[in-house]
Amino acid sequence: MEFLGLYHYWVFVVLLMIGFYAVVAKVNLIKKLIGLSIFQSAVFLLYITMSKVSGGTAPIFSEKITGVLYSNPLPQVLILTAIVVGISTTALGLGIVVRIKEEYGTTEEHEIQEIDRR
Amino acid sequence: MTVLFGVLLLTLLVITAVAIVRTKNLFVAVMLLGIFSLLIAANFFLLDAADVALTEAAVGAGISTVLFLGALALTSEFEHAATPHRWLSLAVVTGAALVVLYATFDKPEFGDPNAPVHQHVAPWYLQKTPEYIDIPNVVTAVLGSYRGYDTLGEVFVVFTAGIGVLFLLSARRGPAGRRRPDQAHDPAIGLRSHVIPLVVSRLLAPFILLFGLYVQFHGEYGPGGGFQAGALIAAAFILYALIEGEERTLRVLPQGALNALMVGGALLYGGVGVVGMLEGAEFLNYSVLAANPVKGQQLGIILIEAGVGMTVTGVLLSIFHAFAARDRA
Chain G
798 MEFLGLYHYW
808 VFVVLLMIGF
818 YAVVAKVNLI
828 KKLIGLSIFQ
838 SAVFLLYITM
848 SKVSGGTAPI
858 FSEKITGVLY
868 SNPLPQVLIL
878 TAIVVGISTT
888 ALGLGIVVRI
898 KEEYGTTEEH
908 EIQEIDRR
Chain A
8 MTVLFGVLLL
18 TLLVITAVAI
28 VRTKNLFVAV
38 MLLGIFSLLI
48 AANFFLLDAA
58 DVALTEAAVG
68 AGISTVLFLG
78 ALALTSEFEH
88 AATPHRWLSL
98 AVVTGAALVV
108 LYATFDKPEF
118 GDPNAPVHQH
128 VAPWYLQKTP
138 EYIDIPNVVT
148 AVLGSYRGYD
158 TLGEVFVVFT
168 AGIGVLFLLS
178 ARRGPAGRRR
188 PDQAHDPAIG
198 LRSHVIPLVV
208 SRLLAPFILL
218 FGLYVQFHGE
228 YGPGGGFQAG
238 ALIAAAFILY
248 ALIEGEERTL
258 RVLPQGALNA
268 LMVGGALLYG
278 GVGVVGMLEG
288 AEFLNYSVLA
298 ANPVKGQQLG
308 IILIEAGVGM
318 TVTGVLLSIF
328 HAFAARDRA
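Protein chains in written order, with the numbering used here: chain G, 798 to 915; chain A, 8 to 336.
Derived from the structure by calculation, the hints contain no laboratory data.
You may find that some hints are simply not true.
[Claimed, not checked] Heads up, simulated BS3-like pairs for lysine-lysine below, C-alpha to C-alpha not over 27 Å straight-line: (1) G/K861 / A/K135; (2) A/K31 / G/K829; (3) G/K861 / A/K302; (4) A/K31 / G/K898; (5) G/K829 / G/K898; (6) A/K135 / A/K302.
It should be emphasised that the depicted structure is a prediction, and the values quoted were computed from it without experimental measurement.
All chains, please: the whole structure from these sequences, using the hints.
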């Protein structure tokens with residue numbers, strides 16, 4: 798399993814870059830937000846990967862089980878709150894996109910820029 | 008075996024992500040994003056993060072999908088234009104990927120117990136929680152007490168985002184106002200004419216609510232807490248709204264009540280901190296809330312988790328209603 802030691806981090810990089818590509822290359826604003834969600838999920842994966850300890854278990858104590866190894870609770874706390882904050886900010890982005898659609902009649906970036914240039 | 012399963016899930020994640028970016032149909036992309044969230048939630052569970060997995064499943068696969076669909080209904084379902092500067096973007100992204108990939112070779116091996124991240128405060132949290140707070144779920148202890156400032160900040164961010172969406176989407180469009188006329192009596196609204204979704208949702212909604220409350224009040228003992236519970240309770244109401252129509256849901260839980268939940272939750276959290284100050288301790292130090300410091304910590308965590316749950320429920324439902332009430336452009 799030696800070569801799998803960094804697999805989680807490689808998947809993190811690939812997901813991060815897929816999200817990044819959608820943000821920079823796509824012209825549809827909703828697609829950009831979807832890309833941002835993927836980007837964000839990749840960061841979540843990085844943190845949770847770091848919290849894992851081999852042979853560990855979820856950091857919840859039980860009186861019946863003693864002497865076990867626990868994974869790191871701190872990154873889990875950070876990501877737990879980040880997920881809910883992420884959906885709130887995504888919703889704010891979607892709200893802005895809906896308003897743009899109402900004012901400009903389109904959600905494609907280049908068409909919006911053309912209307913602005915007129 | 009678990010490792011191989013993890014590898015399989017991660018590979019599926021990458022495939023799903025590629026499919027999301029490649030498809031031109033935004034409806035398909037949003038559905039795939041729901042699957043993506045579910046896969047990453049399963050991954051979190053394999054990585055011992057039960058609380059995070061619960062949150063991601065409720066928020067990512069449930070509420071986020073509904074919000075994206077709401078936005079799609081108000082914009083358009085298809086991406087029209089081809090991607091300009093495709094090769095340039097690909098080159099930039101590949102370059103960035105190689106740099107980050109190079110950086111991963113400095114990372115400690117997966118699951119290494121001697122990694123720097125496990126040497127700092129985390130062992131202290133695990134060691135001292137039984138003594139200072141005495142609740143089984145260390146994640147809740149860190150979230151509510153040790154890092155209460157962070158969580159307070161996050162709650163305010165959620166609150167601010169909710170206010171922002173209400174501000175953006177409650178602007179009137181034209182003289183007709185933003186609400187559709189008297190839709191409560193229109194049988195075509197919602198899925199009320201479809202028997203199977205109707206029966207299933209009516210059966211499910213109370214149990215989702217019950218589970219949400221369980222997750223809220225059992226967060227000290229098992230995976231759960233205010234963030235997850237808020238998302239679950241909001242999901243129950245959203246399910247009800249999708250089937251019965253939005254007006255009926257607003258009759259059960261009107262916008263005024265949602266506003267009260269949003270503001271009340273944030274105030275409750277901040278208030279608990281201030282009460283601690285009045286009792287002579289630092290802001291958000293719960294030890295002084297009861298005669299016994301450990302009991303005080305537990306009381307404080309229950310109160311602030313209730314505040315978090317209220318705010319998250321209020322914000323998510325307000326956002327949903329803001330999207331649903333908007334006229335189609």
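Right, here's what the structure says about each hint:
1. G/K861 / A/K135: Since the Cα atoms of G/K861 and A/K135 sit roughly 19 Å apart, the hinted pair holds (cutoff 27 Å).
2. A/K31 / G/K829: Since the Cα atoms of A/K31 and G/K829 sit roughly 13 Å apart, the hinted pair holds (cutoff 27 Å).
3. G/K861 / A/K302: holds, 23 Å
4. A/K31 / G/K898: holds, 18 Å
5. G/K829 / G/K898: Holds, at about 15 Å.
6. A/K135 / A/K302: Holds. A/K135 to A/K302 sits at ~15 Å (cutoff 27 Å).
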